[in-house]
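**Student:** The chain contents come next:
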Amino acid sequence: MNGREKDGVQDDALIRATLAGDESAFRVLVERYKGRAFGVAVGIVGDGDDALDVVQDSFIKAYYKLKEFRFGSNFYTWFYRLLVNQAIDRWRKSARSAEVPFDESWLSDDASPPDAFAYPRTPEDLARNRELGDALQRAIGSLPEYHRAVIVLREVEGMAYDEIAKTLGCSVGTVMSRLHYARGKLKEALKAYRDR
Amino acid sequence: MDCRTAHARIGEKADGILPRDAGEELSGHLSGCPSCAAEDAATSATGPLLRALVGIRAAEKAPALDAMWTRVRAGIEEGREAQRRPRWIARWVWLSAAVALAVFTFLFYPTGADRSPFHPRSFDVAVEDVESEAGTVALVDKGEDLPRVIWIIEDGKT
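Quick note, the sequences are listed as chains A and B, same order. Just so you know, we're using my numbering here: the first sequence kicks off at 634 and counts up by one. Just so you know, we're using my numbering here: the second sequence kicks off at 880 and counts up by one.
The set of hints was computed from the structure by calculation and includes no laboratory data. Here a beta-carbon is modelled for each residue, glycine too, at the ideal position from N, C-alpha and C.
Restricting the straight-line Cα-Cα distance to at most 25 Å, the calculated cross-link-like pairs of lysine to aspartate or glutamate (DMTMM-like) are:
hint : chain 1 : residue 1 : chain 2 : residue 2
1    : A       : 698       : A       : 790
2    : B       : 940       : A       : 764
3    : A       : 824       : A       : 778
4    : B       : 940       : A       : 757
5    : B       : 940       : A       : 790
6    : A       : 700       : B       : 957
7    : B       : 892       : A       : 795
8    : A       : 799       : A       : 778
9    : A       : 799       : A       : 701
10   : A       : 698       : B       : 945
11   : B       : 940       : A       : 767
12   : A       : 700       : A       : 796
13   : B       : 892       : B       : 903
14   : B       : 940       : A       : 680
15   : A       : 799       : B       : 894
16   : A       : 694       : A       : 656
17   : A       : 698       : A       : 683
18   : B       : 940       : A       : 690
19   : A       : 799       : A       : 645
20   : A       : 700       : B       : 960
Computed list of chain A residues with no C-beta within reach of chain B, every gap over 12 Å:
hint : residue
21   : 645
22   : 649
23   : 650
24   : 707
25   : 726
26   : 727
27   : 778
28   : 807
Build the full structure now, drawing on both the sequences and the hints.
**Tutor:** Structure, rendered in structure tokens:
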């Protein structure tokens, strides 16, 4: 998307209008990105209400920091950095962050027995399969914060490696290793669910 | 292709970065290796499942998400209030400090006619020495534990 919106006003124009005092321009940005922002936030913090608070706080923070935005860069990359940090802060403050100990058991190379198990792939199918949803949520919750952020930005947002690296302020190599790690953890949770 | 290589390729496939020819080679391995096929099924399901999970949470909170601008606007307004408040408080702090200083100065500024209570005459003054005919050097001693102060009085002014 390159920080632009094909339909409607470009992000940069909306930011300039906001900085000039037009609050309705900022409203357009909020409406434009709130859904995607919620997806990222809920992927990181897990709880829907916490995610709403994170999205709200991130937009408010963005409003007051908007004068620091560098024109020419992507608004959503800049905004997602605020959002992810806000979500991680929220997660750390939450008691839930201490619930699941970190382990590396997924690194074992034991192969699972073959079967024809079909995982659900739509929200409707997953909603019907609450146990799997819970297992997945627990697996996400057991990931370290930045690993969780990486897999959410990649799988939910569809961001490229370099965009994730810019958003999180790390190298592409770090993104790749974190993604590999996170995906392995989720994969193990799915296999454990299937094998139960 | 051995199973170890296949596992590495499965991850690349899930990321969408596996070249076509390597993908075809992997497919050939998966069709003959149920173990790697199960690994591939679980790995490639993580993305869709994560999106499905987010989709469920988003659907649950859709009404609240619709009202996001109202929440954000309220937060922005609250932030403005918070920014105004300290300035307002600061103004009163400076004003109070200025008034207190003025009162203090008015009460205690030594005038020519009356230098009390700080003039040495109001203490037990020990005149140690007189160096000049025009002035008086006084050593003020307020007690054993207190430091001594030297006053120089010239033409009636301290």
